[in-house]
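Peer 1: Listed below, chain by chain, are the residues.
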Amino acid sequence: MSATQQASKVLPESRKITTVPRISDRVFRGIVTAGGLSTLAILALIAFFLVFNGFEVFRSEGLRFLTGFDWVDAIPEEGLVASYGIGAMLYGTLVIGTLAVIFGVPVAVGAALFLSYYAPEWIRRPMVVVIDVMAAIPSVVFGLWGYFVLMPHAEYWAKLIHKYLGFIPIFDMPAPAYSRSPFIAGLVLAIMIIPIVASISREVFAQTPPDRIQAAYALGATRWTMIKAVVFPYGIGGVIGGAMLGLGRALGETVAVYTVLNLAYDIRIEILLSAGGSVASMIVNKFGEADAVELRALMAAGFVLFIVTLIVNFIANAIINRTARKG
Amino acid sequence: MTTLSVSPRKPWRPKVGRLWPEILGAFFTAFSTLAIVAVTPLKGRLGFSLTLIAMAVITSATVSWIRRDRKAALNSVSTVFVYVAAAFVIIPLASLLFEIVSKGAVGFSFGIFTKDMSLTSADSPLSEGGLLHAVIGTLYVVLLATLISTPVGFLASLYIVEVRGRFAGVVRFFVQAMSGVPSIVAGLFIYAVWMIGLGNSYNVVAGAGALAILMIPTVARTAEEVLKLIPNDLREAGLALGATQWRTVAMIILPAAKSGLVTAIILGIARVAGETAPLLLTLGGADAINLNPFEGNSSALPFYVWKNYSLGNPESIQRAWLGVFVLMIMVFIFFSLARYFGRAKGANR
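Chains as they are written, first to last, in numbering that gives the first Met the number 0: chain A, 0 to 326; chain B, 0 to 348.
Only chain A is shown next, with the shape it has when bound in the complex (with noise of 0.2 Å):
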């Protein structure tokens, strides 16, 4: 008995235990919050800088700033007030970003169609890859080859377009001036769109139920009934939201669309005349030579389209997101 309790007095005290972290981890885990709200902070600042350097502007011009079609500076000898609007540089990335998705949409679900159901295993590797890299080219490589390779062939394409379909106003031409147009423009981004929607549709094609689609083929489907039955329903969330994501590219592109799209501060609906509006490139076509008030103005605009496609974008990743979760 007395040698028991002689034990006890050596026996170390027991653990706490805690489920209080260690000093070394609240300091880990404090340094990757902060690392990760960080990311949050670097939009916000975004947000507010713009707005900041902007803010003059848009007080100044108010509503106006976005439906306003001039862009004047003020030249003081001669009485002239500036005036600054982005509306018709609006509409016109609407114009081209629209464009885009009808030409560049198509084709890319096509292809994932390909490459998910239609392409031998020997085909369908390298063109995966051969997507990868398309998404790696930068932008102004698709610049210089939009300006001096697809263009010659693409105002060839609008001529015929306006010869056999010039009754429809978009296809009419007020002046034989086809070069450097929107319907240019939007081709040249739809081939920038292509490998982000392809690759989203793949993804999303990818998670339908593989017994669905034996079971279709057991019910006698041909491959594009069974498409039409099992995938598109699945996968079409998807495809939207991979197609807005795709929009959301074409809205924010700079420079590719400087060098094929001859901006106008007017409202056309003709898409194959030589002028057409994009904010992006707007931006960098007055940065060059601005003043300081001209600069706020650019500001805003950038703050206009910083918002423009963060709500694209949004939109699109909860779509993509809800339709990854159910697949």
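No lab work stands behind these hints: they were computed from the structure. Where a beta carbon is used, it is the ideal one built from N, C-alpha and C, also for glycine. Any given hint might turn out to be false.
[Claimed, not checked] Residues from chain B that keep clear of chain A, each with C-beta distances beyond 10 Å, as calculated:
{"#": "1", "residue": "R8"}
{"#": "2", "residue": "L23"}
{"#": "3", "residue": "G24"}
{"#": "4", "residue": "A29"}
{"#": "5", "residue": "V105"}
{"#": "6", "residue": "K114"}
{"#": "7", "residue": "V169"}
{"#": "8", "residue": "R246"}
{"#": "9", "residue": "K257"}
[To be verified] List time: in silico SDA-like cross-link candidates among lysine to any residue, alpha-carbon distance up to 20 Å:
{"#": "10", "chain 1": "A", "residue 1": "K227", "chain 2": "B", "residue 2": "S77"}
{"#": "11", "chain 1": "B", "residue 1": "K42", "chain 2": "A", "residue 2": "Y216"}
{"#": "12", "chain 1": "B", "residue 1": "K102", "chain 2": "A", "residue 2": "Y146"}
{"#": "13", "chain 1": "B", "residue 1": "K70", "chain 2": "A", "residue 2": "I212"}
{"#": "14", "chain 1": "A", "residue 1": "K162", "chain 2": "B", "residue 2": "P40"}
{"#": "15", "chain 1": "A", "residue 1": "K158", "chain 2": "B", "residue 2": "R234"}
{"#": "16", "chain 1": "B", "residue 1": "K257", "chain 2": "B", "residue 2": "A236"}
{"#": "17", "chain 1": "B", "residue 1": "K227", "chain 2": "A", "residue 2": "T32"}
{"#": "18", "chain 1": "A", "residue 1": "K285", "chain 2": "B", "residue 2": "L310"}
{"#": "19", "chain 1": "B", "residue 1": "K102", "chain 2": "A", "residue 2": "P151"}
{"#": "20", "chain 1": "B", "residue 1": "K70", "chain 2": "A", "residue 2": "I266"}
{"#": "21", "chain 1": "B", "residue 1": "K42", "chain 2": "A", "residue 2": "E154"}
{"#": "22", "chain 1": "A", "residue 1": "K158", "chain 2": "B", "residue 2": "R44"}
{"#": "23", "chain 1": "A", "residue 1": "K158", "chain 2": "B", "residue 2": "L49"}
{"#": "24", "chain 1": "B", "residue 1": "K102", "chain 2": "A", "residue 2": "F147"}
{"#": "25", "chain 1": "B", "residue 1": "K70", "chain 2": "A", "residue 2": "Y117"}
{"#": "26", "chain 1": "A", "residue 1": "K285", "chain 2": "B", "residue 2": "L49"}
{"#": "27", "chain 1": "A", "residue 1": "K227", "chain 2": "B", "residue 2": "V83"}
{"#": "28", "chain 1": "B", "residue 1": "K9", "chain 2": "A", "residue 2": "A217"}
{"#": "29", "chain 1": "A", "residue 1": "K158", "chain 2": "B", "residue 2": "G284"}
{"#": "30", "chain 1": "B", "residue 1": "K42", "chain 2": "A", "residue 2": "K227"}
{"#": "31", "chain 1": "A", "residue 1": "K285", "chain 2": "B", "residue 2": "S200"}
{"#": "32", "chain 1": "A", "residue 1": "K158", "chain 2": "B", "residue 2": "L45"}
{"#": "33", "chain 1": "A", "residue 1": "K162", "chain 2": "B", "residue 2": "T50"}
{"#": "34", "chain 1": "B", "residue 1": "K227", "chain 2": "A", "residue 2": "K15"}
{"#": "35", "chain 1": "A", "residue 1": "K15", "chain 2": "B", "residue 2": "L49"}
{"#": "36", "chain 1": "A", "residue 1": "K227", "chain 2": "A", "residue 2": "I212"}
{"#": "37", "chain 1": "A", "residue 1": "K285", "chain 2": "B", "residue 2": "G311"}
{"#": "38", "chain 1": "B", "residue 1": "K70", "chain 2": "A", "residue 2": "L218"}
{"#": "39", "chain 1": "A", "residue 1": "K158", "chain 2": "A", "residue 2": "Y146"}
{"#": "40", "chain 1": "A", "residue 1": "K15", "chain 2": "B", "residue 2": "L238"}
Go by the hints and put chain B onto chain A.
Peer 2: Relative to the frame of chain A, chain B by itself:
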């Protein structure tokens, strides 16, 4: 001793005898296309390809309709369109690569990597001057952007996957959205902070800051995918041995994910190496080598391409293509490295 070997049969494969409608159809498509292009005013590559597509659709639909039914015809038509779509993806890329090599390789020589443009005028022949200043500028900008964006990107991915804090979902969502921020906006932001706000002039650090903003989402998202692939057993084993979370992450998770994390960095570099718009607003441009990243105007390959394209005379257009050629070589090197490291442990995707 004789061994009996049975060659595998594939009963589902159509026999050659049953393939004759397809073969005939293909021949008919080709000949009718040639005939139509020869007779009608449709001309050139465009006329030929449109006729070919139309004839392929008509022929394959007719053949399947005769052999089976309307649904088979529809299937054939959709097959033709899917193949055409795949071709439409390949054609621009093939043209792009062909033009880059044929136009860019003209002036390519060792000399361009030893000289800058400070003593060369825009319209002097390609044998004079070089793009060393642009290559150095690009290396500087990309290196600094990597130094800025890698810690932030990795910490964001660790926050999403390892710490799983209260805002993990929000951070993940915003990082996704951040990858859609237009590059020109990143440039404007840096200009607003660095030039207007802090009163600095153009320099390499500003360009690197703008590129870092574009690089963070790529690094963070790839790193997140990589960390998610690390088996949970490793985390539990670390904790069961009494390691703190910090030790588990630093000693077990990160070493296990090393090759994938390298891939994340390289993919980020490949993403920003060719960015032009933000550099136009932040670098200022120069024709001479600038070795000081903290002071003075500088150039970069995309900037060099842009400037020579804007000058517009034949020699500088050639220089622009040369710059594109060198830029694409750099991007492809990064890209191949990323694929190599990604494949090494299969940690990528």
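Peer 1: Hints first: check each against the structure and report whether it holds.
Peer 2: Against the structure, the hints:
1. R8: 20 Å, holds
2. L23: 21 Å, holds
3. G24: 17 Å, holds
4. A29: Nearest chain A Cβ is 21 Å from A29(B), so the label holds.
5. V105: 14 Å, holds
6. K114: 22 Å, holds
7. V169: 7 Å, violated
8. R246: 8 Å, violated
9. K257: K257(B) clear of chain A: closest Cβ-Cβ about 18 Å, beyond 10 Å.
10. K227(A) with S77(B): Holds: K227(A) and S77(B) sit about 11 Å apart, inside 20 Å.
11. K42(B) with Y216(A): 42 Å, violated
12. K102(B) with Y146(A): Answer holds: K102(B) to Y146(A) is near 14 Å, not above 20 Å.
13. K70(B) with I212(A): Holds: K70(B) and I212(A) sit about 17 Å apart, inside 20 Å.
14. K162(A) with P40(B): 14 Å, holds
15. K158(A) with R234(B): 64 Å, violated
16. K257(B) with A236(B): 19 Å, holds
17. K227(B) with T32(A): 18 Å, holds
18. K285(A) with L310(B): Cα-Cα ~17 Å, so holds.
19. K102(B) with P151(A): Measuring from Cα to Cα gives roughly 17 Å; hence the hint holds.
20. K70(B) with I266(A): With a Cα-Cα distance of about 45 Å, the restraint between K70(B) and I266(A) is violated, given a limit of 20 Å.
21. K42(B) with E154(A): 16 Å, holds
22. K158(A) with R44(B): Measuring from Cα to Cα gives roughly 16 Å; hence the hint holds.
23. K158(A) with L49(B): 16 Å, holds
24. K102(B) with F147(A): OK: K102(B) and F147(A) at ~11 Å, within 20 Å.
25. K70(B) with Y117(A): The hint holds at about 17 Å.
26. K285(A) with L49(B): 41 Å, violated
27. K227(A) with V83(B): Status holds; Cα separation ~19 Å.
28. K9(B) with A217(A): Holds, at about 18 Å.
29. K158(A) with G284(B): The given pair, whose Cα atoms are some 39 Å apart, is violated under the 20 Å limit.
30. K42(B) with K227(A): 36 Å, violated
31. K285(A) with S200(B): 19 Å, holds
32. K158(A) with L45(B): With Cα atoms ~13 Å apart, K158(A) and L45(B) stay inside 20 Å; holds.
33. K162(A) with T50(B): 18 Å, holds
34. K227(B) with K15(A): Distance ~33 Å between K227(B) and K15(A) Cα, so the pair is violated.
35. K15(A) with L49(B): Outside the cut-off at roughly 80 Å; violated.
36. K227(A) with I212(A): 11 Å, holds
37. K285(A) with G311(B): Roughly 19 Å between the alpha carbons, so the hint for K285(A) and G311(B) holds.
38. K70(B) with L218(A): Between K70(B) and L218(A) the Cα gap is close to 14 Å, so the pair holds against 20 Å.
39. K158(A) with Y146(A): 17 Å, holds
40. K15(A) with L238(B): 17 Å, holds
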